[in-house]
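Protein chains in written order, with the UniProt record's numbering: chain A, 1 to 388; chain B, 1 to 388.
Simulated from the structure, these hints should not be mistaken for laboratory data.
Any given hint could be a false lead.
Note that the list lumps identical chains together, so a pair holds whenever it fits in one copy or between two copies.
What the hints assert, rightly or not - Straight-line distance between alpha carbons at most 30 Å, and here's what the computed DSSO-like set of lysine-lysine pairs gives:
1) K105 - K239
2) K153 - K346
3) K351 - K257
4) K257 - K141
5) K309 - K283
6) K346 - K99
7) K294 - K153
8) K239 - K137
None of these values were measured; they are calculated from a predicted model.
Number of protein chains: 2
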Amino acid sequence: MASLDREDPNYFGAGPAMLPTSVLQQAALDLINYDNLGLGVGEISHRSAPAIEVVDETKQLFKKLLEIPDTHEVFFLQGGGTTGFSSIPPNLVASFVKKHGKPGKCAYAITGSWSKKSYEEAVRLGFYCEVLTDSKKAYGKFGDIEPFEQWKKPTPGETAYVYYCDNETVNGVEFPFIPEYEGIEVVADLSSNILSRKMDISKFGLIMAGAQKNVGLAGITIYIIKKALLEQATDDELKALGVPLAPIATHYPTVVKNNSAYNTIPIFTVHILKLVLQNLIAKGGLEAQEQLNKRKASKLYAALDQYPKLYKQPVSKGVRSDMNVVFTIEGEGLEAEFLKLAKEKKLDGLKGHRSVGGMRASLYNAVTEHSVDLLVDFVNEFGKAHSN
Amino acid sequence: MASLDREDPNYFGAGPAMLPTSVLQQAALDLINYDNLGLGVGEISHRSAPAIEVVDETKQLFKKLLEIPDTHEVFFLQGGGTTGFSSIPPNLVASFVKKHGKPGKCAYAITGSWSKKSYEEAVRLGFYCEVLTDSKKAYGKFGDIEPFEQWKKPTPGETAYVYYCDNETVNGVEFPFIPEYEGIEVVADLSSNILSRKMDISKFGLIMAGAQKNVGLAGITIYIIKKALLEQATDDELKALGVPLAPIATHYPTVVKNNSAYNTIPIFTVHILKLVLQNLIAKGGLEAQEQLNKRKASKLYAALDQYPKLYKQPVSKGVRSDMNVVFTIEGEGLEAEFLKLAKEKKLDGLKGHRSVGGMRASLYNAVTEHSVDLLVDFVNEFGKAHSN
Numbered sequence: 001m002a003s004l005d006r007e008d009p010n011y012f013g014a015g016p017a018m019l020p021t022s023v024l025q026q027a028a029l030d031l032i033n034y035d036n037l038g039l040g041v042g043e044i045s046h047r048s049a050p051a052i053e054v055v056d057e058t059k060q061l062f063k064k065l066l067e068i069p070d071t072h073e074v075f076f077l078q079g080g081g082t083t084g085f086s087s088i089p090p091n092l093v094a095s096f097v098k099k100h101g102k103p104g105k106c107a108y109a110i111t112g113s114w115s116k117k118s119y120e121e122a123v124r125l126g127f128y129c130e131v132l133t134d135s136k137k138a139y140g141k142f143g144d145i146e147p148f149e150q151w152k153k154p155t156p157g158e159t160a161y162v163y164y165c166d167n168e169t170v171n172g173v174e175f176p177f178i179p180e181y182e183g184i185e186v187v188a189d190l191s192s193n194i195l196s197r198k199m200d201i202s203k204f205g206l207i208m209a210g211a212q213k214n215v216g217l218a219g220i221t222i223y224i225i226k227k228a229l230l231e232q233a234t235d236d237e238l239k240a241l242g243v244p245l246a247p248i249a250t251h252y253p254t255v256v257k258n259n260s261a262y263n264t265i266p267i268f269t270v271h272i273l274k275l276v277l278q279n280l281i282a283k284g285g286l287e288a289q290e291q292l293n294k295r296k297a298s299k300l301y302a303a304l305d306q307y308p309k310l311y312k313q314p315v316s317k318g319v320r321s322d323m324n325v326v327f328t329i330e331g332e333g334l335e336a337e338f339l340k341l342a343k344e345k346k347l348d349g350l351k352g353h354r355s356v357g358g359m360r361a362s363l364y365n366a367v368t369e370h371s372v373d374l375l376v377d378f379v380n381e382f383g384k385a386h387s388n
Numbered sequence: 001m002a003s004l005d006r007e008d009p010n011y012f013g014a015g016p017a018m019l020p021t022s023v024l025q026q027a028a029l030d031l032i033n034y035d036n037l038g039l040g041v042g043e044i045s046h047r048s049a050p051a052i053e054v055v056d057e058t059k060q061l062f063k064k065l066l067e068i069p070d071t072h073e074v075f076f077l078q079g080g081g082t083t084g085f086s087s088i089p090p091n092l093v094a095s096f097v098k099k100h101g102k103p104g105k106c107a108y109a110i111t112g113s114w115s116k117k118s119y120e121e122a123v124r125l126g127f128y129c130e131v132l133t134d135s136k137k138a139y140g141k142f143g144d145i146e147p148f149e150q151w152k153k154p155t156p157g158e159t160a161y162v163y164y165c166d167n168e169t170v171n172g173v174e175f176p177f178i179p180e181y182e183g184i185e186v187v188a189d190l191s192s193n194i195l196s197r198k199m200d201i202s203k204f205g206l207i208m209a210g211a212q213k214n215v216g217l218a219g220i221t222i223y224i225i226k227k228a229l230l231e232q233a234t235d236d237e238l239k240a241l242g243v244p245l246a247p248i249a250t251h252y253p254t255v256v257k258n259n260s261a262y263n264t265i266p267i268f269t270v271h272i273l274k275l276v277l278q279n280l281i282a283k284g285g286l287e288a289q290e291q292l293n294k295r296k297a298s299k300l301y302a303a304l305d306q307y308p309k310l311y312k313q314p315v316s317k318g319v320r321s322d323m324n325v326v327f328t329i330e331g332e333g334l335e336a337e338f339l340k341l342a343k344e345k346k347l348d349g350l351k352g353h354r355s356v357g358g359m360r361a362s363l364y365n366a367v368t369e370h371s372v373d374l375l376v377d378f379v380n381e382f383g384k385a386h387s388n
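So that you can see chain A by itself, here it is in the shape it has in the complex:
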């Protein structure tokens, strides 16, 4: 039988992303025999005590790492960000109806392809939506964020939530601020930067984050919700107002009431979350991880900045992502050569998203500083060879 060893990869893929080797090794063992039960963690009933313990412990670890206040609750859903795009409007509007007796508007900041998709899905489902800012309209491309004071102002008492994507994975744009308006709930997609740095969770009505970048395998999404928002109008009230309902498996109050196991929760996938969070704590927690991530990103941006004629960066300096560093390479055939030479040096996953092209180096939590140093060396080497 082959071994559970591997060389640590230098992998910069945008997600599903690499996970710490030690986490995968433990998960591999637990897949076969978990906690001496004689059964793997994926085979036990989702209603058994060991499964409930996995869910509870994972929730506790999130609460600890993110310092989630008692006003907020953590839960898990299958389905990733796209399911979030669909489930957020019906749930948040149902909360708004409960409080205000009428449906509220869904306000979106469009700063890249993910927030755009989320907005489009809310419109498609028939919710009353408005756009507060659209980077493409403002700048002709995604790569910047309009100054907050220039955004269209949503109306408190009429707006169910303001939605934004804190880190746009495809476009490499990360918010340097939280778009807070007095009296309006903030909803954030943190799929590609959750647990990359500290955040003040108390400012959010709802956070949604797919696991497959910083915290686990594809197949599970983390939600952090202000408990007050679990008070929703009834299905009948919503139907009478013409508000579409969330499918029951994504009806947040039902999911929370059933400790994320209203339907069968994929326990193996949650178990991996748990192992990743334990590993993060063992390595110094969020503070250490944030410092490491800042260092990784600074090094790579600094290298790219040294060769501005070769490496073109479409993202403005103030909104550059620490997670996804995007750039193009000027010169016929040079992008292909860059990828080919990188591969020879075992630097993988650098190709940009098919919709925008170019390069993208994702520097998620599990990407080591050593991997980034190797990439930086290569960026410099390639830069020298192709500058004159």
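Mind docking chain B on chain A? Use the hints.
Just chain B now, with coordinates in the frame of chain A:
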């Protein structure tokens, strides 16, 4: 480091269920280094060639094992049966509108707790539903199925589909027939008996089956759809008719068009499906599995039938499930004693569903005949000890 070995469990849990040890061992290795890529199968991009190959190969294996005709397509969704309950009415009604220019009724056979849940969700979402048969109303309990000729007849041209649950996991009731009506699509939930026996797929408009019983881990659901049903009315047409839309990640035409990767597909979970199907083929395919399953179930029912005063079976003989054998034990404290003694013999997972109590022995594909023989011996032994 601990090993990947384990003693084969004697586990009769209803799901998530046990998987073949050899499958889990291969999956454990692939979690760390898949196909010598230096990365685990859960870490590669869902749009990479090796990931697409996993999806395509898994689809092909389903087509081969179930002899799926070219008129039908296979796709995967996250979310399990409950997500299926919510996604079936909007999709199938959208197909009906495309063909008939008006919404159709959703007709349900209620033969146990799962079909009941599915019906209730369709009603909740606002679809126009009717009940063709309700075992609880007919017999005072779930445990039988009304003769097909006694069902209420749905009207062709007005009924979008007839829905039934082929095997009711909680109640131990399995259909001995397919409720076919000329000109009406049949929709079946095969979550707990897919690949347990041969089936004529051509008879179905749609099949939905959560993986976590016979074919894999929780977190993925298999759909087999008649291709003609992928023709749907547009969102605008549906909105104008007041038909609720499916969330985009469960909009079947979108999912099929994107080869099940419109959103991030959990590749590790699909990979396990693939390994389970390969293992099934290596062991003789569906024919061999069906014979094995029939033998396993017959042996256990025969043992229980020998002690009718002790072991009470709530399910009528003609509709007994080969997958989930349910029974209660007469006599103060005897159920607890049965479970205790079973556990001492390493026979696990026998407790019935919390909603019905009693015992339930699930005999899914991965449960070996040896395990069943041990259980049968114990049932006999316990039977002798408590009969007089």
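Of all the hints given earlier, name the ones this structure violates by number, lowest first. 2, 5, 6, 7
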